[in-house]
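Top line first, the protein sequences correspond to chains R and Z.
Reminder that position 6 of the first sequence reads as 6 in our numbering, one-by-one numbering, no gaps.
Reminder that position 119 of the second sequence reads as 119 in our numbering, one-by-one numbering, no gaps.
No wet-lab data here; the hints were simulated from the structure.
This one's a predicted model, so the numbers in the text were calculated from it and none came from an experiment.
Note that beta-carbon positions come from the ideal geometry of N, C-alpha and C, so glycine has one too.
Mixed in with the good hints there might be a few duds.
[Unchecked claim] Below, computed lysine to any residue pairings styled on SDA-like, alpha-carbon distance capped at 20 Å:
id	chain 1	residue 1	chain 2	residue 2
1	Z	K27	Z	V42
2	R	K92	Z	N94
3	Z	K169	Z	L75
4	Z	K135	Z	F59
5	Z	K27	R	V21
6	R	K25	Z	R89
7	Z	K27	R	L8
8	Z	K27	Z	D90
9	R	K25	Z	G88
10	R	K92	Z	R89
11	R	K25	R	E76
12	Z	K135	Z	Y145
13	Z	K124	Z	Y114
14	Z	K99	R	V30
15	Z	K169	Z	L82
16	R	K92	Z	K169
17	R	K54	Z	T123
18	Z	K135	Z	F149
19	Z	K96	Z	T30
20	Z	K124	R	W52
21	Z	K124	R	H59
22	R	K103	Z	N95
23	R	K25	Z	K99
24	Z	K27	Z	A91
25	R	K54	R	N5
26	Z	K27	Z	N94
[As the list claims (entries may be wrong)] Cβ pair distances, simulated, as ranges:
id	chain 1	residue 1	chain 2	residue 2	range
27	Z	T123	R	N90	47 to 57 Å
28	Z	G15	R	N90	39 to 49 Å
29	Z	A122	R	L86	50 to 60 Å
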Amino acid sequence: MLVNNFLLLGAVLFCIGVYGVIARKNAVMVLMSIELILNSVNLNLLAFNQLWAKDNPGHVDGNTFALYIIAIAAAEVGVGLAMVLLIFRNRKSISLDELSEMKG
Amino acid sequence: MLAQNVQVAQNIGFGIIAAVMIASALKVVTSSNVVHAALALVAVLAGAAAQYLLLAAEFVAVTQILVYVGAVMVLFLFGVMLTRAKLGRDADLNNKNAKVGIPVALLMLGVMVYVLIDGWHATKLPQDGGQVELKNVSDSIFVPYLLPFWALSFVLLAAVIGAIVLARKD
Numbered sequence: 001m002l003v004n005n006f007l008l009l010g011a012v013l014f015c016i017g018v019y020g021v022i023a024r025k026n027a028v029m030v031l032m033s034i035e036l037i038l039n040s041v042n043l044n045l046l047a048f049n050q051l052w053a054k055d056n057p058g059h060v061d062g063n064t065f066a067l068y069i070i071a072i073a074a075a076e077v078g079v080g081l082a083m084v085l086l087i088f089r090n091r092k093s094i095s096l097d098e099l100s101e102m103k104g
Numbered sequence: 001m002l003a004q005n006v007q008v009a010q011n012i013g014f015g016i017i018a019a020v021m022i023a024s025a026l027k028v029v030t031s032s033n034v035v036h037a038a039l040a041l042v043a044v045l046a047g048a049a050a051q052y053l054l055l056a057a058e059f060v061a062v063t064q065i066l067v068y069v070g071a072v073m074v075l076f077l078f079g080v081m082l083t084r085a086k087l088g089r090d091a092d093l094n095n096k097n098a099k100v101g102i103p104v105a106l107l108m109l110g111v112m113v114y115v116l117i118d119g120w121h122a123t124k125l126p127q128d129g130g131q132v133e134l135k136n137v138s139d140s141i142f143v144p145y146l147l148p149f150w151a152l153s154f155v156l157l158a159a160v161i162g163a164i165v166l167a168r169k170d
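When you get a sec, could you build the whole thing from the sequences and use the hints?
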C-alpha cells in the first residue's frame, strides 16, 4: 500500500475541516470541524510511524503522539463546549459573528 | 505475486472507508441540520479508527472509538441540546461569506496534494512488518515521553477544572 493513500486522505480531511472552520457560524459546528482537522493529523502521524518503523523496529513514537493528540482533543472539546455554554447563557445565541466586543 | 505486491484487499478496504469518510466529512461541514452533522462526524471518526487498524495501530484505534465515538460525541450532543439548537433544518448555520472558504480550502488542498505526490509518490508502507506491540507503546509513553505525559495530565486536570468553573451557574 502506498503511504500516499493515507497522507492524501489526511490532506482532504484537513482541508474539509478548514473549510468548516471558515464557513460555519454556529460555534458547535466549528468545534466539530476542528475535530476533523485533529483526526487528519493523527492519520498522518500513524502513516509516518508505519513508514519509519520499517527501519526502526520497536519504535512507536507516532502512536504515542497520536494518543497524546486524542487526549488533547478531548480536553479541547470539554473547555470549548463549556465556553460555548457560557456564551449561550450570556447572549442567548452562539453565532460567532456576533462576538465582536474585541473589535478595535 | 501481484496480490502480494499490490495488497488488493487492503487497498479495496482503504478505498471504501476513505470514500465513506470523505462523504461524511463533507456532510459535517455542509449539512444544515446540527444533529445530522454530529452523526456524520461519528461516521468520520469511526472510519478513522478503521484506517488506524489498517495502519496496524490497534491501541490507537480502540482509544479512538472509546474517546471520540464514546465520549466526545456525547459531549457534542450535550452541547447541541443545551444550546437549544433547532433540531430540524436550520438555515442560519453558515457565515454570510461562507463561500470564501471554498477557494481557501481548495488552494490548500492543491498545495498539499502537489507536495505529497512530489515527495512520496512511490513510497510504500512495509508489507508485513511494523506490527505495533502495546508493550512498545507503553515503553514509549513512560520512558522517552514521560514529561509530555505529565504535562498532559496537568492539561487534563486544568481542562476539567476550567470546564467546571466556566459552566457553573452562580
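Hint check: K124 (chain Z) vs H59 (chain R), CA-CA at most 20 Å. Holds or violated? holds, 18 Å
If you draw a straight line from the CA of K92 (chain R) to the CA of N94 (chain Z), is it 20 Å or shorter? holds, 18 Å
Would the hint linking K25 (chain R) and E76 (chain R) be met if the CA-CA limit is 20 Å? holds, 19 Å
Hint consistency between K103 (chain R) and N95 (chain Z) [alpha-carbon to alpha-carbon, up to 20 Å]: OK: K103 (chain R) and N95 (chain Z) at ~17 Å, within 20 Å.
Range hint 50 to 60 Å: satisfied by the CB atoms of A122 (chain Z) and L86 (chain R)? Roughly 51 Å apart at Cβ, these two residues keep to the hinted range, so it holds.
K92 (chain R) and R89 (chain Z) were given as a pair; does the straight-line alpha-carbon distance stay at or below 20 Å? Distance of about 19 Å is within 20 Å: holds.
Are the Cα atoms of K169 (chain Z) and L82 (chain Z) separated by 20 Å or less? holds, 14 Å
Does V42 (chain Z) lie within 20 Å of K27 (chain Z) when you go C-alpha to C-alpha? Status holds; Cα separation ~11 Å.
Pairwise hint evaluation, T30 (chain Z) against K96 (chain Z), where the allowed Cα distance is 20 Å at most: Holds - the C-alpha atoms of T30 (chain Z) and K96 (chain Z) are around 14 Å apart, at most 20 Å.
Run the distance test for K99 (chain Z) versus V30 (chain R): straight-line Cα separation, threshold 20 Å. holds, 16 Å
Holds or violated: K135 (chain Z) with Y145 (chain Z), Cα cutoff 20 Å? holds, 14 Å
Decide if the proposed pair is consistent with the structure: K169 (chain Z) and L75 (chain Z), CA atoms, cutoff 20 Å inclusive. holds, 18 Å
In the structure shown, no violation is registered for any of the earlier numbered hints.
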